[in-house]
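Both chains are sitting in their own frames, so use the hints and assemble them into the complex.
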Amino acid sequence: MFNFNSRQNSGGSEGNGKNFLPGAHVSLQSLGVRFQSARGEEVHAVSDFSVEIEPEEFVCLIGPSGCGKSTVLNVIAGFVEATSGSAEVDGKQIREPSPDRGVVFQDYALFPWLNVLDNASFGLRMQRVDKETRRQIAQEKIDQVHLKGFEAKYPHELSGGMKQRVGIARILASNPRVMLMDEPFGALDAQTREMMQELLLEVWSQYKATVIFVTHDLDEAIFLSDKIILMSARPGTVKEIYENPLKRPRELSVYTTAEFMDLKRRLNASLREEIAAAMDLAG
Amino acid sequence: MLQKESFKARIWNFYIKNQNNLTNVISILLFLTIWELFSRFGSLSINLFPPPSWVAQELWRMIQSGMWFNDVWVSTRRVLSGFITGSTIAIIIGLMTGRIAIVRALLEPVIQLLRPIPSIAWVSISIFWFGLGESSKLFLISYGVFFHVWLNTHIGVSTVDPTLLRAARSLGAKGRRLFFEVILPAGLPFIIAGLRAGVAVAFIVVVAAELTGASAGVGYRISHSREIFRADRMMVGLMTLGVLGGMADQIFARLSRRLVFWAGEGRS
Numbered sequence: 000m001f002n003f004n005s006r007q008n009s010g011g012s013e014g015n016g017k018n019f020l021p022g023a024h025v026s027l028q029s030l031g032v033r034f035q036s037a038r039g040e041e042v043h044a045v046s047d048f049s050v051e052i053e054p055e056e057f058v059c060l061i062g063p064s065g066c067g068k069s070t071v072l073n074v075i076a077g078f079v080e081a082t083s084g085s086a087e088v089d090g091k092q093i094r095e096p097s098p099d100r101g102v103v104f105q106d107y108a109l110f111p112w113l114n115v116l117d118n119a120s121f122g123l124r125m126q127r128v129d130k131e132t133r134r135q136i137a138q139e140k141i142d143q144v145h146l147k148g149f150e151a152k153y154p155h156e157l158s159g160g161m162k163q164r165v166g167i168a169r170i171l172a173s174n175p176r177v178m179l180m181d182e183p184f185g186a187l188d189a190q191t192r193e194m195m196q197e198l199l200l201e202v203w204s205q206y207k208a209t210v211i212f213v214t215h216d217l218d219e220a221i222f223l224s225d226k227i228i229l230m231s232a233r234p235g236t237v238k239e240i241y242e243n244p245l246k247r248p249r250e251l252s253v254y255t256t257a258e259f260m261d262l263k264r265r266l267n268a269s270l271r272e273e274i275a276a277a278m279d280l281a282g
Numbered sequence: 000m001l002q003k004e005s006f007k008a009r010i011w012n013f014y015i016k017n018q019n020n021l022t023n024v025i026s027i028l029l030f031l032t033i034w035e036l037f038s039r040f041g042s043l044s045i046n047l048f049p050p051p052s053w054v055a056q057e058l059w060r061m062i063q064s065g066m067w068f069n070d071v072w073v074s075t076r077r078v079l080s081g082f083i084t085g086s087t088i089a090i091i092i093g094l095m096t097g098r099i100a101i102v103r104a105l106l107e108p109v110i111q112l113l114r115p116i117p118s119i120a121w122v123s124i125s126i127f128w129f130g131l132g133e134s135s136k137l138f139l140i141s142y143g144v145f146f147h148v149w150l151n152t153h154i155g156v157s158t159v160d161p162t163l164l165r166a167a168r169s170l171g172a173k174g175r176r177l178f179f180e181v182i183l184p185a186g187l188p189f190i191i192a193g194l195r196a197g198v199a200v201a202f203i204v205v206v207a208a209e210l211t212g213a214s215a216g217v218g219y220r221i222s223h224s225r226e227i228f229r230a231d232r233m234m235v236g237l238m239t240l241g242v243l244g245g246m247a248d249q250i251f252a253r254l255s256r257r258l259v260f261w262a263g264e265g266r267s
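Taken in sequence, the protein lines are chains A and B.
Quick note on numbering that gives the first Met the number 0: the first sequence kicks off at 0 and runs consecutively.
Quick note on numbering that gives the first Met the number 0: the second sequence kicks off at 0 and runs consecutively.
In isolation and in its complexed conformation, chain B is listed as follows (with noise of 0.2 Å):
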């Protein structure tokens, strides 16, 4: 009986520690299996949704033939050359429209004049412009980055606490030392969080972006997996983005954790 209570114990004790890692794979594991019974034995043909069992398997092939690493790496590239392209420009100019009045006044009427256009729209335009190979990618990438970033930085090193910048003068910093030593870490947080949504946003372009004039890449195998009839070959491509976004996310989160540990933590 005591033996019995113990036992009942331990498994409750497991149960609140890993509460969440369990939970997870819970939630998990049921969304596959409603998957799994949703094809296997739903209205529509399993063709068009293939369970993921099947989608599982074709992952297999993909990685097998080296298709799949291809893929991951050509997209890679293109997100990580139009993401750090993008938001080194973005930091450039947000640096500048958030401190000196002349730029601020000259970029940003333009700057929020273009924002609200979606950089998927320019793919016609930029094909036009760039053609059909890297440098169309490159454009359209660094261009959507550009906006969440600059705006972020923008706004980080116009808002800093004016209070700060007193406190700092009087210990005599000034010009290029008042700018890096206080301005630029005072607005970090607001740039990190640029950063994250920037990179976000060059997953979701590249897919766009590989629609046209790619022979390789997530985004295009989805879509060519349209023309051969490959549902499951679509799923993976699917996955596959949902999971190097979700890794990319997690890098700016840890990121923001170790570099600006004091934000968030109310004013001192």
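Just chain A, same shape as in the assembly (with noise of 0.2 Å):
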């Protein structure tokens, strides 16, 4: 069942020499979450959403803006508990959040009275790990996210692109099987946008970890995705998945390929059917 050999060296175990875990197998079956607004009404988030996702693939969610994206994130986080149906890693009931499962936010929810050598060693400090070990560890996740010279800084003196890179740094600490992100670059700007997603995939082509993306970006989705899961409008479930024909490694000359061009047009025609529908819902 655990597919290691979907991609050419899976073994981000055995690059670098490091010996990283091998990315974890996501099984959500008929998930649904409901939960009371601030209104008091029952939201029906999330409603029979079943999906397997594989070790070390990157899977992209999209849907309309409330469609519960973020709610399957939360689940499979730790923060949000199913209200039926089941949610597991590599066989595991999901019941609390863990590093294992490092989480990037959009807003980038760094400690702002750490540094960026601090907050990066944040979670090493929690799993109490030696001070020694984790300078060395959060220093090296900090080198490969191309901040090296910046550890001293204090969240509020860098820019937003900087920020969510210590975001990734702080994540990759821990050594995680799943990366989940949460529009992690959705408040950025175009440009810093396409730097950051290289960024990922070169991070991501060494740790091979299981990600889940969400966005709203048809083509950061294309761009980075193996998988693109698109969800209905609320209550959210899974409406059509895309396999990306893409092959990596990816440069943002794929933007003008036909394969490209091809996936958005599906996807577009798509997601653009589910937005109607769920602004009918919002009346």
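Please note that a few of the clues may not be correct.
Among the chain A residues that face chain B by a calculated CB cut under 7 Å, a handful are [what the hints assert, rightly or not]:
| no. | residue |
| --- | --- |
| 1 | Ala-108 |
| 2 | Trp-112 |
| 3 | Gly-122 |
Calculated from the structure, these hints are not laboratory results.
By construction, the Cβ of each residue, glycine as well, lies at the ideal position given by its N, Cα and C atoms.
The following block contains the structure:
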């Protein structure tokens, strides 16, 4: 069932002689999430959501706004409990957050009172790794996201793109098997976003963690993913799953290929139906 | 001609550079001058409304006799002990009401009920309970300080950005470490703002507390001077309170800039 051979050099585990754990298998079965809104209404955010995400796969989740993309991510992160169905990582039920499942947030969520180095080593500190080791690991991750020289800076001294690099370095330090990314580049300008996408692919090609990436940007989804899950309007469920035909490694030139444009056209058509449905729903 | 211009330019540059200090000095000098003129030529008796020159002379006499330092020391000690007691209790309770649902449910209604009562209004009953000595003053000051520090601590730790907590938990923080290494620092800007408000209140309450049952202190000196008809001494007291309060406020402003340098710079 575990598909370790889906890609050449599936062993990020062997790359660089570093002992990375392989990406995990994520399985969601008939997942349903309901919660009370602030106004006391019951919201049916996600319904009958089933998907198998193979180890080391890069999956993008797209759908109309409010369709429950983030809710699915939050269930996998362990922030939100499923009200029905099951959510498992490598066959184990998800019960609470874990550094095994690193989360990158749209608004960065860095600790403003810690500098870059301390932000990057926060997870290791919580996991009681000794000081010298965690400094060494954090420094390695900071170098990897090209923030060398900024170790002593504080978040408020960094640009959005740099903050998000700290956000990525921070989870890499815990060597996550799943990376959950909730519109991580949504607040960045177009140029910075492209650079961050390339950086992410570069990092992922070394770690090969399973990535689940929420976005509403079709270009971003196509550029990054192996597989794109398109969600329906609320209550969100899997509408269609698209296999991404683009070869890796990818460069920005893929934007002009016929495969890219064809996939984008199909995604766009399907997404528009759901956006229309979502607007009807909103009345 | 050239020299004259550069001289003018030098004056102008000096003015631009020291504009703030200069206007501060001018403002205060102007205030003192008008005050001096009003008390000497105004309709109020000079004994009721003494000019700053008299007040300065009286201050000097009080310093020489040791009375001034003693008053300042006694009042500062009261302010400090009340402030430390009140804010310590307030921070501990605020951390609990802010983060522990059952404590919040039990304590918050009571605190909110007591909060609007001005602490000065407790003077009489506290003398009843604690007598005329230091305990009633300690009670009044810590009581006044408590509410400001409690409210800020409570708000600070109960409104920590939920995304920040999620980030911390997904990195392995839980229980006490989550509390002390995320919730507490995240609430620190509020706590320090509460302490700053608390110390201001402590100076207000100490004056009221010294109106009865005191034999020294700046507040006592002001009310005692009324009995012996010494307006110049009262004014020394008032200005002393202004300076002490201002200094305490500056300490917290500096503390805030150093300790929570990252706050107020937008979210990160």
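Tell me if the interface restraint on A/Gly-122 is satisfied: Cβ within less than 7 Å of some Cβ in chain B.
holds, 4 Å
Given A/Ala-108 as an interface hint, is the shortest Cβ-Cβ distance to chain B below 7 Å?
holds, 4 Å
**OP:** Grab the minimum C-beta distance from A/Trp-112 to chain B and call the hint holds if it beats 7 Å, violated otherwise.
**Re:** Check passed: Cβ of A/Trp-112 comes within 5 Å of chain B, closer than 7 Å.
The structure shown violates none of the earlier numbered hints.
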